[in-house]
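Q: Please model the complete structure; the sequences and the hints are all you need to start from.
Position 139, counted from 1, in the sequence shown is what this note's numbering calls 139; the numbers after and before it change by one each time, with no gaps.
Please keep in mind that the hints were generated in silico from the structure rather than gathered at the bench. It cannot be assumed that every hint is accurate.
Each computed SDA-like pair below joins lysine to any residue, with the alpha-carbon atoms no more than 25 Å apart [stated by the list, open to error]:
{"hint": "1", "residue 1": "K45", "residue 2": "T84"}
{"hint": "2", "residue 1": "K45", "residue 2": "T81"}
{"hint": "3", "residue 1": "K20", "residue 2": "T82"}
{"hint": "4", "residue 1": "K20", "residue 2": "G80"}
{"hint": "5", "residue 1": "K20", "residue 2": "E79"}
{"hint": "6", "residue 1": "K147", "residue 2": "D219"}
{"hint": "7", "residue 1": "K99", "residue 2": "D150"}
{"hint": "8", "residue 1": "K20", "residue 2": "R136"}
{"hint": "9", "residue 1": "K147", "residue 2": "R221"}
{"hint": "10", "residue 1": "K110", "residue 2": "L139"}
{"hint": "11", "residue 1": "K20", "residue 2": "L162"}
{"hint": "12", "residue 1": "K110", "residue 2": "G185"}
{"hint": "13", "residue 1": "K110", "residue 2": "I57"}
{"hint": "14", "residue 1": "K110", "residue 2": "K45"}
{"hint": "15", "residue 1": "K45", "residue 2": "S182"}
{"hint": "16", "residue 1": "K74", "residue 2": "D135"}
{"hint": "17", "residue 1": "K147", "residue 2": "T84"}
{"hint": "18", "residue 1": "K45", "residue 2": "L122"}
{"hint": "19", "residue 1": "K74", "residue 2": "N201"}
{"hint": "20", "residue 1": "K74", "residue 2": "L122"}
{"hint": "21", "residue 1": "K99", "residue 2": "L121"}
{"hint": "22", "residue 1": "K45", "residue 2": "L121"}
{"hint": "23", "residue 1": "K45", "residue 2": "L213"}
{"hint": "24", "residue 1": "K99", "residue 2": "D34"}
{"hint": "25", "residue 1": "K74", "residue 2": "Y38"}
{"hint": "26", "residue 1": "K74", "residue 2": "R179"}
{"hint": "27", "residue 1": "K110", "residue 2": "L184"}
{"hint": "28", "residue 1": "K45", "residue 2": "A24"}
{"hint": "29", "residue 1": "K147", "residue 2": "S95"}
{"hint": "30", "residue 1": "K74", "residue 2": "N47"}
{"hint": "31", "residue 1": "K110", "residue 2": "G26"}
{"hint": "32", "residue 1": "K45", "residue 2": "G158"}
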Amino acid sequence: MLGLAWLLACPSTAAAQAEKQFWATGTVDWLATDRLTYEIEVEPKTNPATLDVTPEIQYTVAAWADVLAEVDLKSQVDEGTTATPRFGVELHILSRLLKAHAPPGAEREKLPLRRIVVNTLLRVEDSNSTWRLRDRFQLAYPLNRNKTTDNGAVYLTGDSELFIPLDRDPGESLVSQVRLRSGLGYRRSFAWRFQALYIWNGTRDAGTGPLRLTSHAIDIRVNRNF
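A: Here it is, written out as structure tokens:
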């Protein structure tokens, strides 16, 4: 919602020059315990040709909060490979149901308590020797089931993410980049989930001036849980 407000307040001035991209995202999650989750995400992108591989460790400290650490390994044609470490917390505003000492597999899944799923993901990352805060607000709502975690659920999903430099110069805008995502998801079972998303990326040149559209993408996502 915050990202949408920024988009409306700062219209694009260069939409015709924006890159059109296609992303394909594959994610594998292993619920090692009722609180500890290991994840690896592989995300090839076009225009420019890029491959992101992101391993992550996530630990649930409370029903409403997870802490996480991850590193984004990005490989781009003619630019080599870079590593961006991130640390953060994911806040589950409407909370979840935790099952202590659950056996492996679906019994360890953290289920939402309500029909609508609302959470906020806060991450700090070191990007090109510059630290910045990423604030992503996410919503999901099932169309044909009581909850998004019910097998066979088709759901609407969307989020807005603000990129906030922590060492910006005086006079620069608070937000340097905005990313909006929206689309449909389908949960076949605990093991398999699928999403089709539209992604809007906007940035400010040199940290000032109006927000402009730099790229938009279609992202096809497949998630495998163990």
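Q: Which of the stated hints cannot be reconciled with the structure, identified by number in ascending sequence?
A: Hints 14, 17 contradicted; others consistent.
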